[in-house]
Amino acid sequence: MDALLQFIFSGMTVGAVYALVALGFTIIYNASDVVNFAQGEFVMLGGMITVFAHQAGLPLPLAAVLAILATAALGVALNKLAIEPARGAPVVSLIIITIGASILIRGATQLIFDKQLHRFPSFSGDDPIRVMGATILPQSLWVIGGAVAVFVALWLFFTRTLTGKAVLATANNRVAAQLVGINTGWVMTLSFGLSAAIGALAGVLVTPITLVSYDVGVALALKGFAAAMLGGMGNPKGALLGGLLLGLLEALTAGYLSSQYKDAVAFIVILGVLFVMPQGIFGHKSTERV
Amino acid sequence: MLTVEGLRSRYGRIEVLHGLDLQVDSGEIVTVVGANGAGKTTLLKCLSGTQPVSDGKITFRGDNLGVVPAHGRLKRGLAQSPEGRQIFTNLSVEENLRLGAFLFTDTRVDQDMAEAFAMFPILKEKRNLAAGGLSGGQQQMLAIARALMGRPKCLLLDEPSMGLAPLLVAQIFEVVTSLRTRGVTVLLVEQNAFGALKIADRGYVMETGRITIEGAADELIADPRIREAYLGL
Ligand SMILES: Nc1ncnc2c1ncn2[C@@H]1O[C@H](COP(=O)(O)OP(=O)(O)OP(=O)(O)O)[C@@H](O)[C@H]1O
Ligand SMILES: [Mg+2]
Numbered sequence: 001m002d003a004l005l006q007f008i009f010s011g012m013t014v015g016a017v018y019a020l021v022a023l024g025f026t027i028i029y030n031a032s033d034v035v036n037f038a039q040g041e042f043v044m045l046g047g048m049i050t051v052f053a054h055q056a057g058l059p060l061p062l063a064a065v066l067a068i069l070a071t072a073a074l075g076v077a078l079n080k081l082a083i084e085p086a087r088g089a090p091v092v093s094l095i096i097i098t099i100g101a102s103i104l105i106r107g108a109t110q111l112i113f114d115k116q117l118h119r120f121p122s123f124s125g126d127d128p129i130r131v132m133g134a135t136i137l138p139q140s141l142w143v144i145g146g147a148v149a150v151f152v153a154l155w156l157f158f159t160r161t162l163t164g165k166a167v168l169a170t171a172n173n174r175v176a177a178q179l180v181g182i183n184t185g186w187v188m189t190l191s192f193g194l195s196a197a198i199g200a201l202a203g204v205l206v207t208p209i210t211l212v213s214y215d216v217g218v219a220l221a222l223k224g225f226a227a228a229m230l231g232g233m234g235n236p237k238g239a240l241l242g243g244l245l246l247g248l249l250e251a252l253t254a255g256y257l258s259s260q261y262k263d264a265v266a267f268i269v270i271l272g273v274l275f276v277m278p279q280g281i282f283g284h285k286s287t288e289r290v
Numbered sequence: 001m002l003t004v005e006g007l008r009s010r011y012g013r014i015e016v017l018h019g020l021d022l023q024v025d026s027g028e029i030v031t032v033v034g035a036n037g038a039g040k041t042t043l044l045k046c047l048s049g050t051q052p053v054s055d056g057k058i059t060f061r062g063d064n065l066g067v068v069p070a071h072g073r074l075k076r077g078l079a080q081s082p083e084g085r086q087i088f089t090n091l092s093v094e095e096n097l098r099l100g101a102f103l104f105t106d107t108r109v110d111q112d113m114a115e116a117f118a119m120f121p122i123l124k125e126k127r128n129l130a131a132g133g134l135s136g137g138q139q140q141m142l143a144i145a146r147a148l149m150g151r152p153k154c155l156l157l158d159e160p161s162m163g164l165a166p167l168l169v170a171q172i173f174e175v176v177t178s179l180r181t182r183g184v185t186v187l188l189v190e191q192n193a194f195g196a197l198k199i200a201d202r203g204y205v206m207e208t209g210r211i212t213i214e215g216a217a218d219e220l221i222a223d224p225r226i227r228e229a230y231l232g233l
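Read top to bottom, the protein sequences are chains Y and Z. Be aware that the first sequence starts at 1, since it is given in my numbering, and climbs by one per residue. Be aware that the second sequence starts at 1, since it is given in my numbering, and climbs by one per residue.
Derived by calculation from the structure, the hints in this document are not laboratory data. The C-beta atom is built at its ideal place from N, Cα and C for all residues, glycine as well. A couple of the hints might just be wrong.
Said to hold, decoys possible - With a cut-off of at most 25 Å between alpha-carbon atoms, the simulated DMTMM-like pairs for lysine to aspartate or glutamate come out as follows:
1. K124/Z with E174/Z
2. K237/Y with D106/Z
3. K262/Y with D2/Y
4. K75/Z with E84/Y
5. K124/Z with D106/Z
6. K57/Z with E94/Z
Said to hold, decoys possible - Per the computed footprint, the stretches of chain Y lying under chain Z, defined by three or more beta-carbons under 8 Å from a beta-carbon of chain Z, are:
7. 67–80
8. 158–169
Unchecked claim - Interface residues of chain Z toward chain Y, partial, derived using beta-carbon atoms under 8 Å:
9. M1
10. F88
11. E95
12. L99
Start from the sequences, fold in the hints, and give me the full structure.
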């Protein structure tokens with residue numbers, strides 16, 4: 001029982017990170033149908049920039065804010081320099097561009113910073129909190145809280161604000177969006193900036209637990225993508241639950257079977273779910289009528 | 001209100017508009033009729049900025065529209081209900097209408113929405129349903145209502161009667177006529193030449209990218225060439 005709770009805690013923590021990556025995917029996907037595989041690099045940059053800004057003498061909160069803003073700016077640049085000029089190209093080409101961008105960002109980070117593992121102090125210390133025989137790190141609560149907060153904010157954005165609706169409208173029908181006066185280029189810029197900022201926030205929250213180096217983004221992008229698919233691509237609720245579910249699956253497999261199998265089991269479950277529900281758990285079939 | 005001079009447009013290397021001249025005055029209902037593939041939709045897309053213009057000039061209320069991007073044209077008062085309706089299928093009927101008034105946040109938005117529902121009561125009934133689930137006729141009503149939510153001075157309508165049952169066609173044409181009293185100028189593109197000419201003040205006949213005949217609507221209805229080619233009389 002204690003062991004189970006312990007696995008659940010660690011699964012929730014990892015799952016919250018996956019959820020944050022998946023939420024980042026959601027926004028760009030919603031605006032453009034593009035799956036941005038550079039999303040993992042945004043997480044990495046959030047951690048790395050915070051580390052080096054902190055080392056350079058900036059207080060940690062300020063370093064974190066700087067990292068989030070810088071990463072958001074990079075997201076905007078990615079859109080302006082690589083995605084926007086290729087407008088009109090098939091979505092597959094755009095996805096490949098994001099893969100290229102992720103390789104570039106990784107290489108540049110390695111050159112500008114280094115190849116070492118880094119961390120910075122946890123926000124609320126490292127004394128584990130005891131809960132019914134299991135323990136959880138205060139930083140884990142930050143990560144889980146961060147994922148929930150971002151989810152709520154995004155959910156409100158897409159359902160309650162006109163700007164959020166404009167993003168959905170742009171994804172649904174770009175020409176029609178222009179006809180009602182939506183600047184669809186601006187919507188894309190906003191989406192990339194917001195996605196990158198969310199990714200960077202994830203990196204800031206998780207670095208004290210998992211540490212960060214230039215190459216942590218690849219695995220995170222894949223896991224976040226899997227989580228988004230599991231929950232239903234494009235749906236914030238799906239991203240959150242898909243992420244948490246994936247994290248729990250991994251932690252339980254690692255705990256009760258062997259950590260060797262955790263990726264395999266997680267992917268088998270995902271394939272199984274997608275076989276039965278191709279749209280993911282919360283994905284809705286598009287209601288098109290010709 | 002709207003002047004088009006020497007308009008040319010192409011898809012790739014194939015030119016489909018070969019120098020069009022056309023004019024719509026304030027308060028008019030003007031129709032452009034023509035057969036399949038004549039270039040009517042291309043003309044409207046050039047006007048709304050969703051199709052590149054290779055030559056010619058479009059002037060709207062004194063401004064050269066050539067320098068205004070597609071999303072900036074509604075702000076100037078030019079709205080389009082496009083071919084194939086192009087509603088936001090994944091969003092609800094009400095969200096479609098709200099987005100029609102994307103440029104506005106004042107209280108008139110609610111009034112306009114109430115007016116749209118009064119004009120098309122079926123939309124009110126289905127306000128919370130995904131627009132993609134509406135029937136073709138209902139989608140057409142939604143496309144027109146959404147365009148009107150943008151408070152246009154001039155509305156471009158692309159074949160609003162296409163694929164609709166006769167009763168619905170009559171209802172749509174009635175709504176178009178009523179726009180006159182709301183102070184909205186209309187440019188109506190139709191294959192249903194007879195229906196369009198009956199409610200229009202003036203008309204243009206378009207053939208393979210050129211205007212071939214123009215005149216007052218009642219003259220065009222009486223014109224033997226048009227009676228034969230487009231009215232099947
Ligand atoms: N996207 C496109 N790419 C290439 N050619 C096109 C495209 N759209 C239209 N065309 C061609 O341009 C010409 C004019 O088409 P357009 O759609 O403007 O005609 P239309 O008068 O609106 O016809 P309809 O009454 O069938 O709607 C046609 O020959 C058509 O084949
Ligand atoms: Mg057409």
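Against the structure, the hints come out as follows:
no., hint, result
1, K124/Z with E174/Z, "holds, 19 Å"
2, K237/Y with D106/Z, "violated, 31 Å"
3, K262/Y with D2/Y, "holds, 20 Å"
4, K75/Z with E84/Y, "holds, 24 Å"
5, K124/Z with D106/Z, "holds, 21 Å"
6, K57/Z with E94/Z, "violated, 36 Å"
7, 67–80, "violated (count 0)"
8, 158–169, "holds (count 5)"
9, M1, "violated, 19 Å"
10, F88, "holds, 5 Å"
11, E95, "holds, 6 Å"
12, L99, "holds, 5 Å"
The structure fails hints 2, 6, 7, 9 (numbered hints given earlier, in ascending order).
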